[in-house]
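All chains, please: the whole structure from these sequences, using the hints.
Protein chains: 2
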Amino acid sequence: MIAEIICVGDELVLGEVLNTNAQFLAKELLSLGINSQKHTIVKDKINDIKYAINKASKTSNIIILTGGLGPTDDDITMQAVASAFDVDLTINNDALNNIEKFFQARNIQMPISNKKQALIPQGATILKNPVGTAPGIIWKFKQNKFILAFPGVPYEMTEMWIQSAKDYLKNISSKNIKIKNLKHFGIPEAKIGEKIKDLMEEDNPQVAPYVDNGTIRIRINAQDESKEKAESLLKNTEKEILKRTGRYFYGYDNDTLESVISVLLKKNNLTVSIAESCTGGLISSKLTDVSGSSKYIKLNLVTYSNEAKINMINVSEQTLIAHGAVSQDTAKEMAKGIQKLSGCDIGLGITGIAGPTGGTPEKPVGLVYIGICDNKKLNVHKVQLNSKLPRFKIKTLACDYALNYLRIFLLNEFSINKKTSIIEA
Amino acid sequence: MIAEIICVGDELVLGEVLNTNAQFLAKELLSLGINSQKHTIVKDKINDIKYAINKASKTSNIIILTGGLGPTDDDITMQAVASAFDVDLTINNDALNNIEKFFQARNIQMPISNKKQALIPQGATILKNPVGTAPGIIWKFKQNKFILAFPGVPYEMTEMWIQSAKDYLKNISSKNIKIKNLKHFGIPEAKIGEKIKDLMEEDNPQVAPYVDNGTIRIRINAQDESKEKAESLLKNTEKEILKRTGRYFYGYDNDTLESVISVLLKKNNLTVSIAESCTGGLISSKLTDVSGSSKYIKLNLVTYSNEAKINMINVSEQTLIAHGAVSQDTAKEMAKGIQKLSGCDIGLGITGIAGPTGGTPEKPVGLVYIGICDNKKLNVHKVQLNSKLPRFKIKTLACDYALNYLRIFLLNEFSINKKTSIIEA
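Residue numbers (this note's numbering), protein chains in the order written: chain A, 1 to 425; chain B, 1 to 425.
Derived from the structure by calculation, the hints contain no laboratory data.
Copies of the same chain are indistinguishable here, so a pair counts whether it falls within one copy or spans any two.
Straight-line alpha carbon distances no greater than 25 Å define the calculated BS3-like cross-link-like pairs of lysine-lysine that follow:
1) K45 x K191
2) K128 x K393
3) K116 x K43
4) K43 x K191
As structure tokens, this is what we get:
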């Protein structure tokens, strides 16, 4: 089953409203084993809508429309559907009843314009709207061909999807699609591409890498008539990829660097403390995005000035004079200093040049040092980010590098079953 | 001039990634007086991309493509463009140089697959990518017909748009559209709606409110053949709105609460220091997103544990026992404590329940206290956010409330020309 999503609305085409409906529907369809092949976003113009419907009806089994079901004159999706399939619009009494009830419940006289919302293409069935006045439709307009129309208001659309459309479509679809994302950090996209080139050429499972900031996400999409077969296809490809990407891999689907770190810290009963300069509190904020992080986060510092570095976490003035605030030694002393001050098991210090000003030929914008220590070890890492990135991007990437080095530190230094701990994360 | 936006990528069509590019581009085009008539989102399939380009070239003057310019085998947008217009792909030496330089600057051997990114359709000009390896193209393929291709990575696309494409297209467009956004915080959308109802009914300028998290943005869109007329139309409506919204207004277009605060702090030669609990470093991170913030940020703390609150910033154990960590008194003592420790002019303390667990009937998730002080004053504010919001949303909103109270504190306490200081921000 192949689907096409058509979203109607000037506000979408002109960019006034972000189109979250298309993403929601595509995801939901995929979870039913229905692949979308295209989204088309058109204005409130009858010919544009009609043309998109006619085109889609030739190559897709399922056409999903959103928007243009309101009571005003520019709401013309039903007209477009009727015209595309050359049928009349007729008053649907169920729909009219529902609309009347909607207003009665609010003690409001139904505006005449709302009566229009009960007009649906002859042959179609209404999809009740539990939260608004605009009913949708569902219509098998041909053997194995379906069209559904929803209001454009995201809340109404999703309610109608969940309450009625989803189950209807579930019964139509036969294929099983299994999708998994393998997230990696610290490796360029092209290098990942080289490692998995042969897998990317396969048809099933489909394997494709995507870049989300510093993270390279490899998506595996396996399909089969049998659910078990789809799962085993996916599992085999996953194993093969993980064998090739090793420690670059950090987690699945909704895992984040900070959620993986959370699992590692809790498993080993460790606490961590951060002293930030260039990232300005972002690492601390990311770590506390995880619910339950108060178990391992006690005290973090943003030591932005030299004085704060000296007075709070004991960075030596000597080091700052000899090597500068952005240096290997400063990062190390920050890590040690915050570990001591907080009494935590692990300390992390980060210093760098977030830009856009403050760079020199020797220390360009994007230069970052990350120190990480526990009672036994003290590592320092140098990262040179692209100097031309905007400030917040450098902060974000520096933060992700620091989190990734912290993850690797935890894997290296603590005697746990490394493989398992990531995979369970 | 009529535009069509074509976004390429399986991840968009399957709903894995929200399509923010199309909205950005449609908005930007509109600001140049160029109306979009359609968006088409297609998979990484050469025939689908080619078909969309051919269709668009018949009805639009400007075709904008995003995505599919990466180094991997499924990146085929350039091939599709070449094929649609029946030209060859040739190596562009400028592009190749830029890609080589990109890797040289990072001391990394260029992967062979990246060479592919220098292949562009014969006749096209490259759009330099200042932040990544994939160049774009701009190509007048016929009289009054243009095609532009950008990478799909949003920040690469936006940088390239801002640095080169926008000016190019500005010269093509003829209509004068002036757009301005007035940003407000701390007032519900419906209340803003009541205040500007009459203005929203006008055709030119068009006035419409949008909600971006806690910020209510009122967009004014004025059009005229004459640039001066468009500007004066806009100016008059802006004045009228500002008269009605007062202190809720904090800035224009790209202003943020933190950028406005930056202006206020620098003007008054003040420093500020933050002690965070529930926001976990987010306020500190936001404040340091502003370039030059080291002028007024010296030391911030994330005192997540009670011990950190007691030991570092002198919150009394008594207060914590009697009122709890999430209380008016704790917020006040945190503000005072961090002000003293840092030696800064202003102290801000924030404590609350970010959820999803940890709430009680008396202190539900979303309860936040914000203390702000200088040497003369100590204020505390209570905010109850929607308990059902996800954790990161509560953190974000709590942070924005704190920043907004800090902004108001600065306006109230420091004898500056208040009106001017915001408007210049």
